[in-house]
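Engineer: Now for the letters of each chain:
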Amino acid sequence: MIRSEWFFWLVGAVFLVMAAQMLFDRSNPKRFGSAAFWGLIGACFFYSTWVVQKTAPAEPLGVAVLVMICIGGFHFTGRGTPRTTGPEERTALAARFGNKLFVPALTIPLVAVVCAAGVAKWRIGGTPVLEKGSETILGLGIGAIVALGVGMWVLRERRPSVPVHAGRGLLESMGWALLLPQLLAVLGTIFQTAGLGDQVRRIVEHVLPDGQRFPAVVLYCVGMALLTVVMGNAFAAFPVLTAAIGWPVLVEQMHGDAAAVLAVGMLAGFCGTLCTPMAANFNLVPATLLELKDRYGPIKVQIPTAAALLGCNIAIVYFFAF
Amino acid sequence: MIVLLGVLVVILGFATRRNPLLVVGVAGIVTGLLGKLSPVEILRTFGEGFASSRSVTIFAITLPVIGLLERNGLQQQARTLIGKLSKLTTGRFLTLYLLLRQLTAAVGLQTIAGPAQSVRPMISPMAEAAAERTNRGRPLPERVRERVRSHAAAADTVGLFFGEDCFLAIGSILLITGFVNSTYHTHLEPLQLALWAIPSAVCAFLVHGARLLRLDRGLERELAAVRAESGTGAGASRSDAGDTGDADGVSDTEVGGQRS
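Those protein sequences? They're chains A and B, same order as listed. First residue of the first sequence? That's 557 in my numbering, and the numbers climb one at a time after it. First residue of the second sequence? That's -2 in my numbering, and the numbers climb one at a time after it.
Isolated chain B, as found in the complex:
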């Protein structure tokens, strides 16, 4: 029963934000000692575990080619492609972005987009611009803008999480095969696991996509209510409006520059 304290070390370590490597090291040693392994046996287990789970870290072999593509403008090219979607409504635009994020992550392009690479410079400004069109060109009230931005970030994260596991060389898939094959002396292929991630990925697109499409109606209703309330327009959010306009302008010129 006392071996369970090893799990407690992991939970407490991660929950109190200690360095994960140290948490793993301490939890391994503590669990081993509680399980009545001698110090030499613990070292041997660490060694044998490392040797038989090397397959988890082999995705590092793809870094040179991904690095080469990124220094030649891979992320910029992805943004150019997304920029062509600028005529859609907020919900439809984010649904398409969700799909693109899932598909690219599923073929191993997880770093092509992300909060810093695409959401801030591109996705969030474009989603806001679309919402402003819904608002007849007027700046968005604070609450609505927060909601649109939150949805932009969420579409990216959901797309990544429920796309990347369909790629066979991702950390989580290799962790499953590495752990199971070395611990239970069985044989699982990464490809089998990646295929089993597809049903959940489809569910994720249907569930989150449907919510994003409903977002359009929600935004319309909320914006109509705000317009009816204030009558003269949102004076309070004028200062933020300039900020949004700038961000949008930047991305527009960038896209234009890339096309020419």
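Okay, chain A solo, but in the shape it has when bound:
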């Protein structure tokens, strides 16, 4: 049986290899901080296995997470100059390979879906081939590995170091932001452990007596959008409102379909992202790149679409999730 933990080790190993490369990359002015950050994440991916099995204490891992937060939060990470191809070279390569370039990229979702829908049912001697409950995640891992093989074959690239270097370039350009979604999930867990969900549920039950569904759906979706406008980040709004309304009221109390409520709730947050200058990289950076006099030009164009889509999302949850 292929276990999800093996896959987490593979991801951890990739982080460790890239961290080792960063350590010796003299073009990165902050190479020690970068190597420490990604190395620590890689090591934590391995150590977590025993935390999940409850054979190792979780407290050291908590310390490591806080150290990662400090390294990333106080800007001790940086990026080097990647050894890669220039724009002219890329244009020539694109002309040479043509649409074959899309094949490896499409392999990832294809293999992932095949694993989740087909391979998940395979059994060898009574045990499933893929660990139960992790089929999609394993499918993604297998898809990425297959795609890498396909990519190297299509592009006639024999050196495995080339994709590793290219991947590291992307990792460095994303920087600490790559860890943010996972840390927001951790924050959601802390909210729940500290009893925040119960607190808010009591308030919501006070405001919305006798479980009226429509106001609860509107509160969740509009809440996601508004909180996202304030914070500029739907990911950050998600644990707050899901712990407060999404899970306890819409899923547990009103028996809504969890996948539908939460997936569409996140998209309601995206409607907020379209309207806020707080999401600078999506709304203000394009205005600067396009040399617009009105920095809010894109936001003004996006607001009517966002408002209409917020209405659509509320309707989807209200009509189809229950």
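One should not assume that every hint holds.
Unchecked claim - Using 27 Å as the maximum straight-line C-alpha spacing, the simulated DSSO-like pairs for lysine-lysine come out as follows:
hint: 1; chain 1: A; residue 1: LYS610; chain 2: B; residue 2: LYS33
hint: 2; chain 1: B; residue 1: LYS81; chain 2: A; residue 2: LYS656
hint: 3; chain 1: A; residue 1: LYS656; chain 2: B; residue 2: LYS84
hint: 4; chain 1: A; residue 1: LYS688; chain 2: A; residue 2: LYS677
hint: 5; chain 1: A; residue 1: LYS610; chain 2: A; residue 2: LYS688
What the hints assert, rightly or not - What follows is a list of derived Cβ distance ranges for each label pair:
hint: 6; chain 1: A; residue 1: ARG559; chain 2: B; residue 2: SER35; range: 30 to 40 Å
hint: 7; chain 1: A; residue 1: ARG652; chain 2: B; residue 2: VAL199; range: 34 to 44 Å
hint: 8; chain 1: A; residue 1: ARG582; chain 2: B; residue 2: LEU203; range: 23 to 33 Å
hint: 9; chain 1: A; residue 1: PRO684; chain 2: B; residue 2: HIS182; range: 18 to 28 Å
hint: 10; chain 1: B; residue 1: ALA221; chain 2: A; residue 2: ALA648; range: 41 to 51 Å
Hint data in this document are derived by calculation from the structure and do not stem from the laboratory. The beta carbon of each residue, even a glycine, is placed where N, CA and C say it ideally should be.
Here the structure of chain A is known, so what remains is to put chain B in place on it, guided by the hints.
Structural biologist: Chain B only, in chain A's frame:
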């Protein structure tokens, strides 16, 4: 009740643009203390939370193959394909771009396009060139050009947001499953969530696509009004017009070069 102050820390932290990692760290510690957890319990919660939400960060496994494709010209090839749409009107061109952006993001190619990768070098100049054709080859007045450029940026952002969630290995989907599965000890599959993102993606295409198609009529009306007003043409925007022409010329030669 006092635990709610933890949420306030998150909101204030993000609203005042502090580093998000620090905001999360401080909010976690503050919420834990307010919820009467001991410091050791807080550390344990951080650790257990990290261990059970590792699935959120696994999309990093796709970076080597995406990096390999990008260094071999993936973005350039995407631009070549888009360049074949150069005969359309502004609204139709942007509607097709919206659709392409949604479809590619839905199969995991979020980095194939973007404000820097495609909108500035390609989408915005092509949309402006199409509007100039509507204006009978004359340069666009300042206000109209701003509007076309804003729409080019918006088509990209809307397409990305309402396409990427149909891909199962995107941060937002994995955040949902990671958070819910570890917090409520339940089991949600990324694939279920990705499928539930499809209805909203269709709505997004219909709503924003319809607005883009209406943009053509709006532009025509506005340009006709400007022509009637000035009679002799837009002298005021001549200096900007040269800039637009250059940008357009560059993208044309680039596309031509790729084809040959």
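Engineer: So if I understand the rule, the pair passes when the alpha-carbon distance is 27 Å or less; does A:LYS610 with B:LYS33 pass?
Structural biologist: Given pair A:LYS610, B:LYS33 holds - Cα atoms ~24 Å apart, limit 27 Å.
Engineer: Take the C-beta atom of B:ALA221 and the C-beta atom of A:ALA648, compute their distance, and say whether it sits inside 41 to 51 Å.
Structural biologist: holds, 44 Å
Engineer: Does the Cβ-Cβ separation between A:ARG652 and B:VAL199 fall within 34 to 44 Å?
Structural biologist: Given a distance of about 37 Å, which is inside 34 to 44 Å, the answer is holds.
Engineer: Between A:ARG582 and B:LEU203, does the beta-carbon spacing fit 23 to 33 Å?
Structural biologist: Given about 52 Å between the Cβ atoms, the range is violated.
Engineer: 30 to 40 Å was suggested as the range; check whether the CB atoms of A:ARG559 and B:SER35 agree with it.
Structural biologist: Holds: the Cβ-Cβ distance is about 34 Å, inside 30 to 40 Å.
Engineer: Taking 18 to 28 Å as the stated bounds, is the beta-carbon spacing between A:PRO684 and B:HIS182 within them?
Structural biologist: Because 21 Å falls inside the window, the suggested range holds.
Engineer: Could you grab the alpha-carbon distance between A:LYS688 and A:LYS677 and see if it respects the 27 Å cut-off?
Structural biologist: holds, 10 Å
Engineer: A:LYS610 and A:LYS688 were given as a pair; does the straight-line alpha-carbon distance stay at or below 27 Å?
Structural biologist: holds, 20 Å
Engineer: Measure nothing beyond the straight line between the CA atoms of A:LYS656 and B:LYS84; if it is 27 Å or shorter, mark the hint as holding.
Structural biologist: holds, 25 Å
Engineer: Please work out if B:LYS81 and A:LYS656 have their alpha carbons no farther apart than 27 Å.
Structural biologist: At roughly 18 Å apart (the allowed maximum being 27 Å), A:LYS656 and B:LYS81 satisfy the hint.
Checked against the numbered hints given earlier, this structure breaks only hint 8.
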